[in-house]
Amino acid sequence: MATTNARVPVAKTYKLYIGGKFPRTESGRYYALRDATGQVLANVCRASRKDFREAVVAARKAQPGWAAASAYLRGQVLYRIAEMLEGRREQFVAEMALEGVAKKAAQAEVDAAIDRLIYYAGWADKYQQVFSSVNPVASSHFNFSVLEPTGVVAILAPEASGLLGLVSNVAPCIVGGNACVVLASESLPLNAVSFAEVLHASDVPGGVVNVLTGRRAELAVQFASHMDVNAVVWNDGDNDAEREIQQAAADNIKRVVGRAATDWQKDAAQNPYLIADTMEVKTTWHPVGS
Amino acid sequence: MDTQVNKLAFDGGWQYAPAPESTDHVTVDERYGLFIDGEFAEPAGGKYFDTVNPATEERLSQVALATEADVDRAVAAARKAYEGPWSKMKPAERGKYVYRIARILQERAREFAVIESLDGGKPIRESRDVDIPLAAAHFFYYAGWADKLDYAYPGRRARPLGVAGQVIPWNFPLLMAAWKLAPALACGNTVVLKPAETTPLTALKLAEVVRDAGLPPGVVNIVTGAGDTGSAVVSHPGVDKVAFTGSTAVGRMIMKAVAGTGKKYTLELGGKAANVIFADAAIDQAVEGIVNGIFFNQGHVCCAGSRLLVQESVADEVVAKLKDRMATLIVGDPLDKNTDIGAINSQEQLGRIESYLKLGVDEGAEMFQASCPTPDRGYWCRPTIFTGVAQSNRIVQEEIFGPVLAIQTFRTLEEGIAKANNTPYGLSGGVWTDKGAKIFRMTQKVRAGVVWANTFNKFDPTSPFGGYKESGVGREGGLHGLGAYLSLES
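Chains as they are written, first to last, in my numbering: chain A, 27 to 316; chain B, 771 to 1260.
Derived by calculation from the structure, the hints in this document are not laboratory data.
Just so it is clear, CB atoms sit at the ideal spot from N, CA and C, and this is done for glycine as well.
Careful: at least some of the hints might be erroneous.
To be verified - Here's a subset of chain A near chain B, in silico, CB distances under 10 Å, partners left out:
id, residue
1, Gly113
2, Glu116
3, Ala120
4, Ser159
5, Asn161
6, Pro313
To be verified - A partial selection of chain B residues facing chain A, derived with a Cβ cut-off under 8 Å:
id, residue
7, Arg801
8, Ala1019
9, Val1020
10, Gly1021
11, Ile1053
12, Gly1219
13, Ala1223
14, Asn1224
15, Thr1225
16, Ser1233
17, Tyr1238
18, Val1243
19, Glu1259
Could you build all of it, start to finish, from the sequences and the hints given here?
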């Protein structure tokens, strides 16, 4: 029997993130994530429809409080996420390396994800001024239009960019006061789960962001059809995917936001129109008189 | 508490002499073809259908029934016009054509108002003072955007989408046509528009305006027909953008039909707005707001205040005053300037409203109807309110689209908000109170695209309109209404 004094490393259990807690999938199912040599990296939770529904309940519960937080505070919370991620750069790079991402690309991706969070943190108290209007109606009324969050958003994150793609979809969604449930990249899920830990340490109220891992083919229609979800954001699908998602979304006239395969590293991949994608325009009238 | 109120007696001792708007300056042809590629043409199938005056049940005209072949021709004409003159024209020149439409509509406003009332049954006061002036104003507003689009979206280049297929309802026929055409044209698109089958006449008259304004042939095409024609417009592969105003059920079908085609779409769907009256409101003004909210245009309004939520301490007073006010409403000849409530738009719609009246009674609610006389011929519904309703009642949850109000009470602001938001819809809402802070709390918390505070049912071309939740997708009106007809490039 071989003996050694070398320390045995402690492997992480990769779990879901629902309502500010880290449960395993209720289904007990998993899929094995392997490296190039076939070595198992993690038994990743294969979230079920029920996990998704519980995540929607958590998101619905958390959303009004998050929307009621001041823009200043939401901006600081997003900034705080970036701070926490900055402190754990090496962990994220190492995970990506395990998943087969080259070190330089991994470093660039983590850096870009941090910067993207800062970018949207800065928009928190500015997008409203860009997109709102005071409307010069002909009658004697004061009339203005503002953006409000649509509510609960289900996001199918990009497949090819496990961290940056997810952050680039989640940040513009939550900065305006939405809550979301996001399905991580199926082939690159490790960073998504670790990012949930970052969120957990960043003053993001539990339930504002819920992270699931699992099979997109199984969950996409659930994301699109759930009657208490207000919008579905899906990435890098084709016409067939669009048909399936939009038809399922029609039952409660969900907002459907399709995003083509994107190089999320590019500056053009961040803009305030991505915030507006999951916001509603509300117009208020009041008479002007005595 | 004292709920004694002085009875209103607008007609006590005084009789209103009839004050009918004259029709001698109006011409309606016996028969209308389809407006395709700049001229009126026979429909391929050779079929026509009647359009009826709902106040007399008499035929006004015959209108062409467009088939798939006709829609195909219309879309081809629109495509040719898009690729030809319209997308190559300088935006400022394009805008001048849209201005021309606005000006001609202003010149012919009274004629349009009369035809709108004849064909749709709405009181002449409303078509004359609301529908037609707003339609003209809509064209005038959007015309000016044509050469300023790049300023609407910072950091983006605005491009038209191509051919827009548009399907509109019968409650505000010309105004809805204006809401659809004006932004589409100003943004550089060409259109195929299908008016509702019960109210096609003002759209066909608008075709004359488009022709007289000298728009290049094919920029605007108008095809008449019922659901099959609308379906052909929406599903046509040559259409790049679909815009629909109508019921949530049909909106759902359209959203499914265009799935996977890459077509952009905007949907303006149903509503079940709550008009929330607080105890500290100016009660008499609030009662006027309730009447305007639900009886305006016979309640054929997607954003109608069809639910009344009244704070418990003033509920008896508000309901008593409302009943008194209802007793003064005049139901009858749409062309009479004294008329408050005109004809129900169609026999079919009257049947739907009446089935809800029966349902409300069957559900256990108490029904009260104004006792006003109604004409012998035509389709009429007296102003109606239900009290003693539950949140789960179908008359509280479902859109009736008639002069029917469901009344509930609430105690706290939170309860008022919860009840207001407890339907699948989210198009509009109303709040009545003298407290500014309460107004802002309510207008923030009501989940609806338009909120009227101490007013109701106001519209303006500069003011974005559209729903949350199952009331639709996208906005019409104002700067925000441009996005529906543009592709934004970085």
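Status of each hint after checking the structure:
1. With a least beta-carbon distance of about 32 Å to chain B, the hint placing glycine 113/A at the interface is violated under the 10 Å criterion.
2. The interface hint given for glutamate 116/A is violated, since its Cβ lies 34 Å from the closest Cβ of chain B, which is over the 10 Å cut-off.
3. Interface restraint check: alanine 120/A against chain B, minimum CB-CB distance 34 Å, threshold 10 Å, status violated.
4. This hint holds: serine 159/A has a C-beta 6 Å from the nearest C-beta of chain B, less than the 10 Å allowed.
5. Annotation: asparagine 161/A was flagged as interfacial toward chain B, and the flag holds, the nearest CB pair being 4 Å apart, inside 10 Å.
6. Against a cut-off of 10 Å between C-beta atoms, the interface hint on proline 313/A holds, since the closest Cβ of chain B lies about 5 Å away.
7. Interface restraint check: arginine 801/B against chain A, minimum CB-CB distance 38 Å, threshold 8 Å, status violated.
8. Among the interface hints, the one on alanine 1019/B is violated; its C-beta lies about 11 Å from the nearest C-beta in chain A, farther than the 8 Å criterion.
9. Restraint check, valine 1020/B versus chain A: the minimum CB separation of about 11 Å is more than 8 Å; hint violated.
10. Hint on glycine 1021/B holds. Least Cβ distance to chain A is approximately 6 Å, under the 8 Å limit.
11. With a cut of 8 Å, the hint placing isoleucine 1053/B at the interface with chain A is violated, because the nearest CB-to-CB distance is about 16 Å.
12. Below 8 Å, beta-carbon pairs count as interface contacts, and glycine 1219/B has one with chain A at about 6 Å; its hint therefore holds.
13. A distance limit of 8 Å between C-beta atoms decides the matter here; for alanine 1223/B the minimum to chain A is near 4 Å, and the interface restraint holds.
14. Checking asparagine 1224/B against chain A by beta carbon gives a least distance of about 6 Å; that is within 8 Å, so the hint holds.
15. Because the smallest distance between the Cβ of threonine 1225/B and any Cβ of chain A comes to about 5 Å, under 8 Å, the interface hint for this residue holds.
16. Given hint, serine 1233/B at the interface with chain A, holds; its Cβ is 5 Å from that chain's nearest Cβ, closer than 8 Å.
17. The closest approach between the C-beta of tyrosine 1238/B and any C-beta of chain A is roughly 5 Å, which is under the 8 Å cut-off, so the hint is satisfied.
18. Because the beta carbon of valine 1243/B sits about 6 Å from the nearest beta carbon in chain A, less than 8 Å, this interface hint is met.
19. At its closest, the beta carbon of glutamate 1259/B sits 10 Å from a beta carbon of chain A; the interface hint therefore is violated under the 8 Å criterion.
Checked against the numbered hints above, the structure violates hints 1, 2, 3, 7, 8, 9, 11, 19; every other hint is satisfied.
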